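*Asks:* Add chains X and B to chain G, keeping to what the hints say.
Chains as they are written, first to last, in the working numbering: chain G, 551 to 873; chain X, 435 to 757; chain B, 7 to 283.
Because the hints were derived from the structure by calculation, they are not lab data. Hints are supplied without guarantee of correctness; some may be wrong.
Below are the DSSO-like pairs computed for lysine-lysine, each with C-alpha atoms no more than 27 Å apart in a straight line [what the hints assert, rightly or not]: (1) X:K637 x X:K469; (2) X:K525 x X:K500; (3) X:K525 x X:K501; (4) G:K818 x X:K635; (5) G:K627 x G:K616; (6) B:K171 x G:K579; (7) B:K17 x X:K448; (8) X:K452 x B:K17; (9) X:K571 x G:K845.
As the structure is a computational prediction, the values presented were derived from the model and not from experiment.
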Amino acid sequence: MSTIVKVDRVKKYFEINKGIFRKRVTQIKAVDGISFSIKKGETLGLVGESGSGKTTLARMILGLIKPTENTIYLDNKDIFEALGKERKEIRKKMGIIFQDPLASLNPRATIKESLKRPMLVNGINKKDMDEIIKDTISKVNLREELLDRYPHQLSGGQQQRVSVARAIVLRPEFLVLDEPTSALDVSVQAQILNLLLDLQEQYNLAYLFISHDLNVVRFISDRIAVMYLGKLMEVASGEEIFNNAKHPYTQGLILSSAVLSPRDRDRKKISFAGDPPSLIKLPKGCRLSPRCPYKKEVCVEKIPELREILPGHFVACHRAEEL
Amino acid sequence: MEKDLIKVNNLSIKFNTKLGYVSAVDDISFNIKEKEIFALVGESGSGKSTTAYALMNLINARNSIKKGEILFKGKDILKLNEREMTKIRGKEIAMIFQNPLDSLNPIYTAGSQVYEAIALDKVEKREAWNRVINIFKEVRLSDPEQRIKSYPHELSGGMRQRVMIGMMLSRRPELLIADEPTTALDVTIQSQILDIIKELKSKFNTSVLVITHDFGIVAEIADRVGVMYAGKILEIGDVYQIFENPLHPYTQLLMKSLPRITKKEGRLQTIEGSVPNLTDDIKGCRFNNRCPYSLDACKGEDSEMLEIEKGHYVACHLVVKEK
Amino acid sequence: MISQILREGFKNKTFLAGTIIILTMTIIAALAGVITNYSYDEINISNALVKPNLQHLFGTDQLGRDLFTRVVYGARIALRVGFIAVVIETFIGVTLGLLAGYYGGRIEKVILFITDLTWSMPPIILALAIVTMLGPSINNVIIAIAIVSWAQFTRVVRAKTQSIKNLPYIEAARAFGENDFDIILRYILPNIVPSIIVISTLALPSAIMATTALGFLGLGAQPPTPDWGVILSEGITYINKASWISIFPGIAIVSIVVGFNLLGEGLRDVLDPRLKV
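Here chain G stands alone, though its shape is the one from the complex (with noise of 0.2 Å):
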């Protein structure tokens, strides 16, 4: 299988100005040097809690903006530097499926008009449209009379399918699928679910699937990434990480998710002291290290690498061996 998309050791730091003269007081280092690929076809599950940076690194993906060092490849071309035809192309081949559902549309367009923007934009021949737009709301179970509606006259699963829509109208090859159930109810979770799964195999679709609910991303991906403060902590086939995690920080985060099933809740949980440390005063080594029950001097001192140390099994751990 060939690889789709490529990130490659993007940094992305924010700078935080006081002053008059704008001084720089302090940098956010949001997306510290994390490399990646997606292979066509396949479900990468990115896991991390709130500002673990997924969600600046999927906006870097989507070419949204710009990494401060380094650069993302589709299909072999760098996003940041094609310009004119070749940023379109590449923009064809991906899409975006947020969170909220209805914030996800334009309240003041009907579906058909929110449907019909990005073919306009990308040049696809208007005759063609209406027949595109057809295809696509069957493709997600979707009735066509309710293309003429407006968002906020659908329940939350239409509009989660009229989003999913909208990302697969320029038959995209990859998508970003940002927490996409995650304000939905379980019967509807499901159905969107098993929709992405099925567009997956008919168009050999790839995802970034991105949620903070591990049972969700165990699912959906063949792979899972672990993100914490801006780098990668694991990377690993989804059975890996739930049966064999080698990061202290997987582990505590698999334990700590919601079991769905009562006799699991007896488990051994293992718990991280304190909160996650702030962004701006990052610790010197491992940045796991100040609430890591397993930590070391040199966790402290040195930031671990990120290390392949089964096949396809990447930890960035300097104990990852004896854990």
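*Replies:* Just chains X and B, lined up with the frame of chain G:
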């Protein structure tokens, strides 16, 4: 067997809206025993929050019709006047909400807000402040002497929710109502908050009513569960009965729609159709239009709640027939 | 939006009262030539200062002109000047507000500085200065009013733009390649239109008041133009002998101002309940 702390008998709540009467809660009965965590679980629009507000007697009398009774230690809450209710609210029944930032006053320190709550009981000043610090320790806020001086915006989401819980606990209520207490929080913080709620029960014998749409939370902390759908309680049982032997078709489908598998093992169960319009005068079981096992009887009359096994109640014609 | 106004507006008494007043005045102004047989500048000294009677409903002025005719034609001027001024100030204010809110940074700083500067000056004095500089005429009055009152639009539009521009649907549009111009025009502006309509309606009475004030001070419309301010100022001389010359244009001003205010308040309740301060 423990005594009932609260007993709800045939509670119905209708709201007068522009579109006519909406029956948000329809003839529900349940009880919460002493020292127990009871979860009302349901999807949006199921009436679970309305029920919680009714228990606090916070439903506006002007545009609603309430029927039935809510017996709290034998007294009917719905018959109390505002003055009598104020004595119970906060002191005997307390409530925490989903968004902790909105629930705290931004211009007072966290400590002084908890202090105010304690001072309501005419406690001497120094004693009251000592209690504040103790409470902060109980809800596991690190560095309580510092934290009492912090303003809400200086605290993280998890800390704020802990302050809210602390404030509610300060007067040692007998019943704590938690309305989606962890929805806005990260996984690790959620697990800490749930631990604190569990501890409340064991340490202070507080009963807890948890209102949630998240089965993970239910599996994690509930002793008994009521499943709500479109204003009705369809099934009540202890948490193991609900998760391992659900009887109502709705509960069964919901359990199968939870992402407990991976995509390699298949798709998730979905529930076709949508929730009935609550303004319509609904005849029969409210789930019958979506139920795969719907019988003729289901369209006629609503099924009574029947005890199928010890402590396990269900309102379903099919279950009754099979029995 | 129009259907929304029609549906909910007629349940709203404020809106209904405002609509009736403004509609009546607009119809009278439009049909001025049909309603009255007199012309507004026909002098007839022998008929001067006649009390209101059946021939002259509002009486005549010091030059024997029919006051009713003059007040009715005056409504035309008031409405025309008001509308043009408000259209100009809306355009300036909304454009600057969109730019400031969308781009932020240095552009926003400059725009906000100018806005605050305009905002901080007493409008009528600023307008006076502008008209004095440009010379007294109706067109210059329009320019002056527009210059002094666009700032309120900028403030509201900037705030609204800021709250909308980071919503997911804008991000999604940017992701599939919409340019800034289309995002502002197609995704942001339509969502602020209700507020703009409300503010515009509420800006109309102040514009009309300013026109008459400038006319009254002799800096706006010039005699014999039947501007309400001009009529009022002429009437002042005869206030003891012929108070009707001042009273009727006064009533006209009050009703148009009250009418638009009611209309604006009503529209606000219907279109944009959150705008209420």
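*Asks:* All the hints need checking, so say for each whether the structure fits it.
*Replies:* Evaluation of the provided hints:
1. X:K637 x X:K469: holds (10 Å)
2. X:K525 x X:K500: holds (24 Å)
3. X:K525 x X:K501: Cα-Cα ~25 Å, so holds.
4. G:K818 x X:K635: Satisfied, since the Cα-Cα distance of roughly 20 Å is no more than 27 Å.
5. G:K627 x G:K616: holds (15 Å)
6. B:K171 x G:K579: holds (24 Å)
7. B:K17 x X:K448: Distance of about 25 Å is within 27 Å: holds.
8. X:K452 x B:K17: This hinted pair holds, its Cα atoms lying about 13 Å apart.
9. X:K571 x G:K845: OK: K571 of chain X and K845 of chain G at ~25 Å, within 27 Å.
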